[in-house]
Amino acid sequence: MSKNFPASGLSEEEVSALLEERLAEDLTFTSGHILGSMCSQPHPFAAEIFRRQLEKNIGDPGLHPALAKLEEETIGILGNLFSNPHAVGSIVTGGTEANLLAMWTAKNRAPAERREVVLPETAHFSFEKAASLMDLTLIKVPTGPDNRVRVEEYKRAIGPRTMALVAIAGTTGLGAVDPLDTLSPLAVEHNLYLHIDAAFGGFVLPFLESAGYPPGGSAFDFSLKGVSSITLDPHKMGRCPIPSGCILYRNEEISGSSTTHVSYLAGGKTRQRTIVGTRSGAAVAAVWATLQHLGFEGFTQVVRECMENTFFLMNQIKLMNGVESVVQPTMNVVGIRPTGCSPDELARRLRGRGYALSLFPGFLRITLMPHLNREYLESFLTVLREGVKNG
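This note's numbering applies: residue 1 is where the sequence shown begins, and numbers increase by one.
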């Protein structure tokens, strides 16, 4: 394909056909072959709302004051879900931006000599980006066999240069929840900023108990006094289109530490609490609409179905030779390990059959997202049995 700028345009039909041809090799959620992603096919209603509001830039709220009020309302709803009706925050591009914002906020609130962040070794790679951008030092603490951070080692890692603490409510690899009720008092004791990364768990953990499953083993929200901010991603288990992330702060005083003032926008002097300037108003509308449409009962049903598929898969793996689970699932994330070949080799074999799982050191991750049904899982299990039977 030529890289020259097109001299004249093609018709919509020609471009559409060309695009379909060029993207034909990409996997789709509707194929049932994407088993490793923590994103999913958005709810059709959310996708339609997103499409209708596509032109709006909530980064210039003076143009869209009604949508700006919807964002405030959305943050209030999510704050209530996380035990804090006074929470403030923003709909952002995703978990990476939210985690960067949290570290930026913590940095702005700490003395210049404090630039160390204590966090589990399972923390998302976005914290590496934050460290590079802000000249921070990450003190990574090992996890135990349950994939939760080791509390005693975490305590010992806190020192005079510590700027912030990070804990995970739904680790990227295995969906584990750190012992937040034990870590929160450390933040209070040492007067430190504590950020919870619940990018994945944020739309699972609040609904587990009502769905009939154990609640995750620890409190995970602003009911813990030491928590300063929380990341959650509506475009993961929240059934919303990409990009739809969220950052919640305990209060206005904390969020104000990373505020930028812009003088030239439509509403006059404007305060922004995000890294990006131009920001998708469609994402705000879609998140608000999805919360209104599904409600607590709807999200409970989403989680229930995903957890049912999770334990169906787990039970089938227990009966299978040549593969084993890594840990008992906390939420709809399953780690598997082949016993007769390397995880890399199994991933290669499965990809050769069109299946995409996430490869981690020592195991493969399967995320039981809303786009997966029992028929898809049965087909995958057949391919998995073939993939491991010869070692």
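It should be emphasised that the hints constitute simulated quantities derived from the structure, not laboratory data.
Given the structure is predicted, the values throughout are model-derived calculations rather than measurements.
Think of the CB as a built atom: it goes at the ideal place given N, C-alpha and C, for glycine as much as any other residue.
Check each hint, because a few of them may be wrong.
As a list, the in silico PhoX-like pairs of lysine-lysine whose alpha-carbon atoms are at most 25 Å apart [stated by the list, open to error]:
id	residue 1	residue 2
1	129	140
2	269	56
3	69	56
4	155	140
5	269	140
6	318	69
7	318	389
8	155	69
Pair ranges (Cβ atoms, derived) [what the hints assert, rightly or not]:
id	residue 1	residue 2	range
9	278	76	49 to 59 Å
10	159	375	24 to 34 Å
11	26	259	35 to 45 Å
12	304	62	15 to 25 Å
13	113	278	34 to 44 Å
14	262	113	29 to 39 Å
15	146	317	52 to 62 Å
16	262	315	29 to 39 Å
17	378	156	24 to 34 Å
18	6	159	52 to 62 Å
19	188	345	42 to 52 Å
20	69	21	35 to 45 Å
21	108	389	18 to 28 Å
22	48	153	27 to 37 Å
Hint check results:
{"no.": "1", "hint": "129 / 140", "in the structure": "holds, 14 Å"}
{"no.": "2", "hint": "269 / 56", "in the structure": "holds, 19 Å"}
{"no.": "3", "hint": "69 / 56", "in the structure": "holds, 14 Å"}
{"no.": "4", "hint": "155 / 140", "in the structure": "holds, 12 Å"}
{"no.": "5", "hint": "269 / 140", "in the structure": "violated, 40 Å"}
{"no.": "6", "hint": "318 / 69", "in the structure": "violated, 50 Å"}
{"no.": "7", "hint": "318 / 389", "in the structure": "holds, 14 Å"}
{"no.": "8", "hint": "155 / 69", "in the structure": "violated, 41 Å"}
{"no.": "9", "hint": "278 / 76: 49 to 59 Å", "in the structure": "violated, 24 Å"}
{"no.": "10", "hint": "159 / 375: 24 to 34 Å", "in the structure": "violated, 53 Å"}
{"no.": "11", "hint": "26 / 259: 35 to 45 Å", "in the structure": "holds, 39 Å"}
{"no.": "12", "hint": "304 / 62: 15 to 25 Å", "in the structure": "violated, 42 Å"}
{"no.": "13", "hint": "113 / 278: 34 to 44 Å", "in the structure": "holds, 36 Å"}
{"no.": "14", "hint": "262 / 113: 29 to 39 Å", "in the structure": "holds, 31 Å"}
{"no.": "15", "hint": "146 / 317: 52 to 62 Å", "in the structure": "violated, 18 Å"}
{"no.": "16", "hint": "262 / 315: 29 to 39 Å", "in the structure": "violated, 54 Å"}
{"no.": "17", "hint": "378 / 156: 24 to 34 Å", "in the structure": "violated, 48 Å"}
{"no.": "18", "hint": "6 / 159: 52 to 62 Å", "in the structure": "holds, 58 Å"}
{"no.": "19", "hint": "188 / 345: 42 to 52 Å", "in the structure": "holds, 47 Å"}
{"no.": "20", "hint": "69 / 21: 35 to 45 Å", "in the structure": "holds, 44 Å"}
{"no.": "21", "hint": "108 / 389: 18 to 28 Å", "in the structure": "violated, 56 Å"}
{"no.": "22", "hint": "48 / 153: 27 to 37 Å", "in the structure": "violated, 48 Å"}
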